[in-house]
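Per the numbering used here, residue 111 is the first one in the sequence shown, and the count goes up by one each step.
Be careful, since some hints might not be right.
[What the hints assert, rightly or not] Here are the computed distance ranges between Cβ atoms for each label pair:
{"#": "1", "residue 1": "Ser-417", "residue 2": "Ser-375", "range": "32 to 40 Å"}
{"#": "2", "residue 1": "Pro-321", "residue 2": "Leu-264", "range": "40 to 48 Å"}
{"#": "3", "residue 1": "Asp-209", "residue 2": "Ser-375", "range": "16 to 24 Å"}
{"#": "4", "residue 1": "Gly-650", "residue 2": "Phe-297", "range": "36 to 44 Å"}
Hints in this document: simulated from the structure, not taken from any laboratory.
Cβ coordinates follow ideal geometry from the N, Cα and C atoms, glycine included.
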Amino acid sequence: MPLTDPQLLVDGAAKRRRRMTAWLVGANLTVALVLAALVWHVLDASHRTYATQARDVAEGLAAVAQLNVEAEIGRVDAVLRATGAELERLMAAPGGAPDTVLNEVLHARFGLLHGIEAFRAADASGEVRWGTRLPAGAPTRVHDRDYFLQARALAEPATLVTGPLVSRVSGNWVVAFVRPLVVRGRFAGVLYVSVGVDHFRHLFERYELAPLDAMTLRRDDLRLVARIAPGSPVQGEVGDTKVSARMREMLAANPRQGSVVTTVSIDGRDRTSAYRALDHWPFVVYAGVNNERFFKPWREQAWTVASLAALAWLLVALATWHVRRANRREEQAMTALAEQGKRIQALMRVSADGIHIIDGRGRLVEMSDSFAEMLKSTRASLMGRHVGSWDVNQDEAAINAWLAKIKAGDRQRVDVQHRRDDGQVIDVELQLSVTEIRGELYVFSSGRDVTQARRLQREQAAMLDSDLVAMAKIEHRTITWRNRALERILGYGPGELQGAPARVFYWDDAQYEEVGRQVYSALAEHGHYRSQIRMRSKGGEAVWVDFGAAPLSVTEIFAMAVDITPMKAAHEHLAHAAFHDALTQLPNRVLLHDRIEQALGVARRERKRVAICYLDLDGFKAVNDEHGHDAGDQLLETVARRLLSHIRPLDTAARLGGDEFVLVLTGVDGDDWRPVLARVVDAIGEPVTLSSGAIVAVGATVGVAVFSPDDTTGAQELIERADHEMLRGKRDGKGRVVAG
Numbered sequence: 111m112p113l114t115d116p117q118l119l120v121d122g123a124a125k126r127r128r129r130m131t132a133w134l135v136g137a138n139l140t141v142a143l144v145l146a147a148l149v150w151h152v153l154d155a156s157h158r159t160y161a162t163q164a165r166d167v168a169e170g171l172a173a174v175a176q177l178n179v180e181a182e183i184g185r186v187d188a189v190l191r192a193t194g195a196e197l198e199r200l201m202a203a204p205g206g207a208p209d210t211v212l213n214e215v216l217h218a219r220f221g222l223l224h225g226i227e228a229f230r231a232a233d234a235s236g237e238v239r240w241g242t243r244l245p246a247g248a249p250t251r252v253h254d255r256d257y258f259l260q261a262r263a264l265a266e267p268a269t270l271v272t273g274p275l276v277s278r279v280s281g282n283w284v285v286a287f288v289r290p291l292v293v294r295g296r297f298a299g300v301l302y303v304s305v306g307v308d309h310f311r312h313l314f315e316r317y318e319l320a321p322l323d324a325m326t327l328r329r330d331d332l333r334l335v336a337r338i339a340p341g342s343p344v345q346g347e348v349g350d351t352k353v354s355a356r357m358r359e360m361l362a363a364n365p366r367q368g369s370v371v372t373t374v375s376i377d378g379r380d381r382t383s384a385y386r387a388l389d390h391w392p393f394v395v396y397a398g399v400n401n402e403r404f405f406k407p408w409r410e411q412a413w414t415v416a417s418l419a420a421l422a423w424l425l426v427a428l429a430t431w432h433v434r435r436a437n438r439r440e441e442q443a444m445t446a447l448a449e450q451g452k453r454i455q456a457l458m459r460v461s462a463d464g465i466h467i468i469d470g471r472g473r474l475v476e477m478s479d480s481f482a483e484m485l486k487s488t489r490a491s492l493m494g495r496h497v498g499s500w501d502v503n504q505d506e507a508a509i510n511a512w513l514a515k516i517k518a519g520d521r522q523r524v525d526v527q528h529r530r531d532d533g534q535v536i537d538v539e540l541q542l543s544v545t546e547i548r549g550e551l552y553v554f555s556s557g558r559d560v561t562q563a564r565r566l567q568r569e570q571a572a573m574l575d576s577d578l579v580a581m582a583k584i585e586h587r588t589i590t591w592r593n594r595a596l597e598r599i600l601g602y603g604p605g606e607l608q609g610a611p612a613r614v615f616y617w618d619d620a621q622y623e624e625v626g627r628q629v630y631s632a633l634a635e636h637g638h639y640r641s642q643i644r645m646r647s648k649g650g651e652a653v654w655v656d657f658g659a660a661p662l663s664v665t666e667i668f669a670m671a672v673d674i675t676p677m678k679a680a681h682e683h684l685a686h687a688a689f690h691d692a693l694t695q696l697p698n699r700v701l702l703h704d705r706i707e708q709a710l711g712v713a714r715r716e717r718k719r720v721a722i723c724y725l726d727l728d729g730f731k732a733v734n735d736e737h738g739h740d741a742g743d744q745l746l747e748t749v750a751r752r753l754l755s756h757i758r759p760l761d762t763a764a765r766l767g768g769d770e771f772v773l774v775l776t777g778v779d780g781d782d783w784r785p786v787l788a789r790v791v792d793a794i795g796e797p798v799t800l801s802s803g804a805i806v807a808v809g810a811t812v813g814v815a816v817f818s819p820d821d822t823t824g825a826q827e828l829i830e831r832a833d834h835e836m837l838r839g840k841r842d843g844k845g846r847v848v849a850g
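Sequences and hints are given; from them, build the entire structure.
Right, here's the structure in full:
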């Protein structure tokens with residue numbers, strides 16, 4: 111099919127007929143050089159296109175994996191921090207906390223983390239005493255583990271990451287996240303979460319990886335944690351540090367992120383690999399695209415283009431030989447040669463996956479094999495078909511209307527969708543160029559399948575528009591971009607935060623200024639910032655978030671926040687329940703001991719006295735037996751309220767259980783406590799109207815132990831002394847206040 115009219119070549123042949131032989135030799139060499147240059151240019155440009163696409167796919171996978179792994183580790187760290195704080199408070203109580211309580215806390219928090227192997231704690235000697243899935247028999251010891259020694263040596267509590275290592279309990283490869291436990295300023299052991307390396311492999315299995323593509327997680331010292339490469343016979347050994355020399359050079363030059371084309375040491379496959387280091391954690395994610403598969407269309411295109419170029423040159427040589435034999439056919443042969451050369455050159459100018467040519471009626475007149483492969487069809491099936499048979503977006507009438515408007519020299523770039531012969535719809539990027547050949551218009555098209563790249567873009571967009579993790583760009587403390595999760599968490603409508611000052615997040619001006627100083631100071635010094643912050647919603651409610659920030663430029667930062675308000679509320683509820691009586695909400699025995707010790711310390715410093723008053727209700731059992739337990743509970747709640755109404759805010763009223771209460775009267779001089787107790791006993795003796803309408807009354811017997819500044823007595827001994835005095839009062843006739 112002739113597509114061009116080589117006027118220059120034909121006219122030259124007519125003018126230089128006598129010197130035809132010499133001219134043909136020069137033309138033959140020129141055509142060969144031009145074809146070679148065109149082939150090199152087309153294939154080089156096409157190869158760069160494929161290489162860029164492979165790098166973009168690998169970098170996109172690495173970016174998605176980086177955020178996913180950071181989110182997984184961030185969730186583990188948040189629960190680890192909250193649990194460590196709770197255990198430290200429980201262990202700091204006088205007499206410590208029972209093992210059952212500590213185990214209940216660890217089992218409850220274990221349920222918050224999906225996919226982890228164990229949640230355990232060891233005491234200061236390295237003996238693993240508490241946690242989930244503890245082995246039978248002698249306790250496991252971790253006193254010789256590096257992470258135990260490092261945690262004990264920490265000046266300030268922080269989360270340590272260790273591994274991969276083999277668990278002494280399960281025998282599995284795990285990564286451990288460890289925090290020291292510090293009670294009253296002393297090292298009390300470690301709290302750690304064991305995450306099996308298979309958890310990260312399962313995370314990578316969610317991605318749509320092609321055969322021999324690879325996703326890898328390594329420590330920043332190159333130790334392999336997890337790797338998945340579908341179809342590869344070698345997946346790599348945990349702890350292996352083998353990487354190619356080229357990758358080592360790239361990591362040394364750019365440790366945070368980069369890409370490289372190299373032969374992977376683990377399985378010897380050539381891949382385009384991208385890597386990204388995790389913020390705040392010693393891990394690096396790697397994504398590798400299999401070059402053998404990815405560049406297969408380019409190799410087929412190279413074969414096609416080279417074959418066409420070779421054929422064109424052979425035709426030139428054959429035409430030259432015929433011209434030398436017969437000058438009569440010289441003009442016709444040169445015309446055929448030039449037309450064939452023009453046709454090949456037009457094909458060469460388009461560098462992409464699928465090269466195809468349509469005429470002015472929209473019919474396919476020429477194509478490359480890669481175009482047929484793109485549509486999962488054959489050359490025989492496609493030749494002569496109208497564009498509308500595979501174009502999803504426009505029918506034959508619309509395409510014909512467009513063809514009627516184009517003119518020679520027009521160029522366009524369009525995004526379309528093609529339907530393959532198997533029914534699958536793919537996204538295609540088209541480069542179009544209109545050329546006139548012998549009075550007829552032809553459209554030269556280059557199509558590139560961008561389905562995978564577009565899907566990756568959509569996945570990244572979906573991730574950035576997450577409903578769970580709030581994200582924002584902030585420049586000069588003004589919001590320049592935000593996702594809908596930020597609006598949801600803070601109660602704003604769509605678009606309300608765009609261009610708003612960051613001040614709207616914060617509780618007050620003081621917090622706004624203080625956090626601003628901390629953020630920009632940390633970014634300048636460390637390159638990142640993270641903290642738990644109380645923010646203000648649009649409605650004025652407090653919203654607790656786990657807040658992090660990283661710099662994008664000198665004036666712009668990228669901020670992320672996760673709503674931890676429910677976790678904060680649950681933590682506060684658990685803390686309150688651990689130290690208060692469930693019925694009266696008064697401090698229980700654990701908190702009472704702590705309050706007494708604090709009061710004794712203040713009394714020693716200020717040279718004051720403390721009165722410990724042990725109260726037992728007289729006649730409570732009779733009320734309970736006659737009116738029932740619900741009536742008894744109402745009576746106890748009333749007594750608790752009356753106690754609180756007759757003591758100062760700095761004093762303490764506690765319930766030990768049953769009908770026994772303790773008052774801690776602080777900062778008293780001499781017998782100042784006596785009138786207080788007189789009012790308390792009178793208040794308790796006042797009648798109580800129950801919900802049933804019955805009116806009941808009880809009395810109180812009180813035993814008092816008085817602490818002087820020079821005493822060495824502790825909280826427990828004072829309680830026992832007051833209890834003894836109360837019992838003495840009971841024996842002497844009840845309704846008494848007895849001091850020893």
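Each hint, compared with the structure:
The beta-carbon spacing between Ser-417 and Ser-375, approximately 36 Å, falls within the hinted interval of 32 to 40 Å. About 46 Å separates the C-beta atoms of Pro-321 and Leu-264, a value consistent with the hinted range of 40 to 48 Å. For the pair Asp-209 and Ser-375, the beta carbons lie near 48 Å from each other, so the given range of 16 to 24 Å is not met. Checked against the hint of 36 to 44 Å, the pair Gly-650 and Phe-297 passes, with Cβ atoms roughly 42 Å apart.
Of the numbered hints given earlier, the model fails hint 3 alone.
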